[in-house]
Amino acid sequence: MTLSGNQKRKMKSASRLYAVQALYQMEQSGQTVEQVIVEFEDFRFGAEYDEGEMAEGDPALFRSLMQDAVNFQAPIDQMTDRALVAKWPIARIDPTLRALFRAAGAELTQSNTPPKVVITEFVDVARAFFPEGKEPQFVNAVLDHMAREAKPEAF
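Residues 41 to 195 in our numbering are what the sequence shown spells out, letter by letter.
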């Protein structure tokens, strides 16, 4: 079965959302990156729940986001800290946002995805978690700052 461009985009979007959930879960549970990757690939990707079906993820993107977010966590967190207001270090922000910035930071620094695509995608992820709040605008501002640091040539 050949996937359309639209299906591939949806799978990549789902993988970004799953990466944020999985990084959050790792922080809360103390599981290793491999344990969480296996759990998500086996039980979350394409799973069916009462609320509806979970989207199928792109395993390659999911794995690279997870591994890069863990392997490059210190420099990503430092870049996030520089993008946050001085009085809000990453340790003090909402754990879901911390996971989001780590996943987005991994994609910004370790992939060839255009920064504007990364920003748009992760702002959408923020909307999924915080549909009523100001978090999506906050995420947009922080990721814009991070992207300009990571890939200044793209701006």
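Calculated from the structure, these hints are not laboratory results.
For clarity, every value in this text was computed on a predicted model and none was experimentally measured.
Heads up, the beta-carbon is just placed ideally off N, CA and C, and yes, glycines get one too.
Watch out, some of these pointers could steer you wrong.
[Stated by the list, open to error] No farther apart than 30 Å at their CA atoms in a straight line, the calculated lysine-lysine pairs in the DSS-like style are these:
(1) Lys174 - Lys191
(2) Lys156 - Lys48
(3) Lys50 - Lys174
(4) Lys52 - Lys174
(5) Lys174 - Lys156
(6) Lys156 - Lys52
(7) Lys191 - Lys52
(8) Lys50 - Lys156
(9) Lys156 - Lys191
(10) Lys191 - Lys50
(11) Lys48 - Lys191
[Stated by the list, open to error] Computed beta-carbon distance windows for the label pairs:
(12) Asp90 - Ser151: 22 to 30 Å
(13) Gly86 - Gln107: 19 to 27 Å
(14) Asn46 - Asn152: 29 to 37 Å
(15) Gly86 - Val125: 16 to 24 Å
(16) Asn46 - Asp184: 24 to 32 Å
(17) Asp134 - Glu81: 38 to 46 Å
(18) Pro135 - Leu43: 31 to 39 Å
(19) Lys48 - Glu189: 23 to 31 Å
(20) Ala131 - Thr42: 39 to 47 Å
(21) His185 - Gln75: 28 to 36 Å
(22) Gly86 - His185: 33 to 41 Å
Outcome of range test on Cβ distance (Gly86, Gln107; 19 to 27 Å): 21 Å, holds
Restraint status (C-alpha distance of Lys50 to Lys156 at most 30 Å): 17 Å, holds
Agreement of Lys191 and Lys52 with the hint, judged by alpha carbon distance not exceeding 30 Å: 21 Å, holds
Given pair status - Lys48, Lys156, alpha carbons within 30 Å: 18 Å, holds
Satisfaction of the hinted span 16 to 24 Å by the C-beta atoms belonging to Gly86 and Val125: 39 Å, violated
Satisfaction of the hinted span 29 to 37 Å by the C-beta atoms belonging to Asn46 and Asn152: 21 Å, violated
Pair hint Lys48 and Lys191, alpha-carbon separation not exceeding 30 Å: Holds. Lys48 to Lys191 sits at ~24 Å (cutoff 30 Å).
Cβ distance range 31 to 39 Å for Pro135 and Leu43, holds or violated: 33 Å, holds
Cβ distance range 23 to 31 Å for Lys48 and Glu189, holds or violated: With a Cβ separation near 29 Å, Lys48 and Glu189 satisfy 23 to 31 Å, so the hint holds.
Gln75 and His185 - C-beta distance against the hinted 28 to 36 Å: The hinted range 28 to 36 Å holds for His185 and Gln75, with Cβ atoms some 32 Å apart.
Pair hint Lys156 and Lys52, alpha-carbon separation not exceeding 30 Å: Distance ~15 Å between Lys156 and Lys52 Cα, so the pair holds.
Verdict for Asn46, Asp184 (Cβ pair) under range 24 to 32 Å: Holds, since Asn46 and Asp184 (Cβ atoms, about 26 Å apart) stay within the stated range.
Violation of the numbered hints given earlier is confined to hints 12, 14, 15, 17; the remaining hints are satisfied by the structure.
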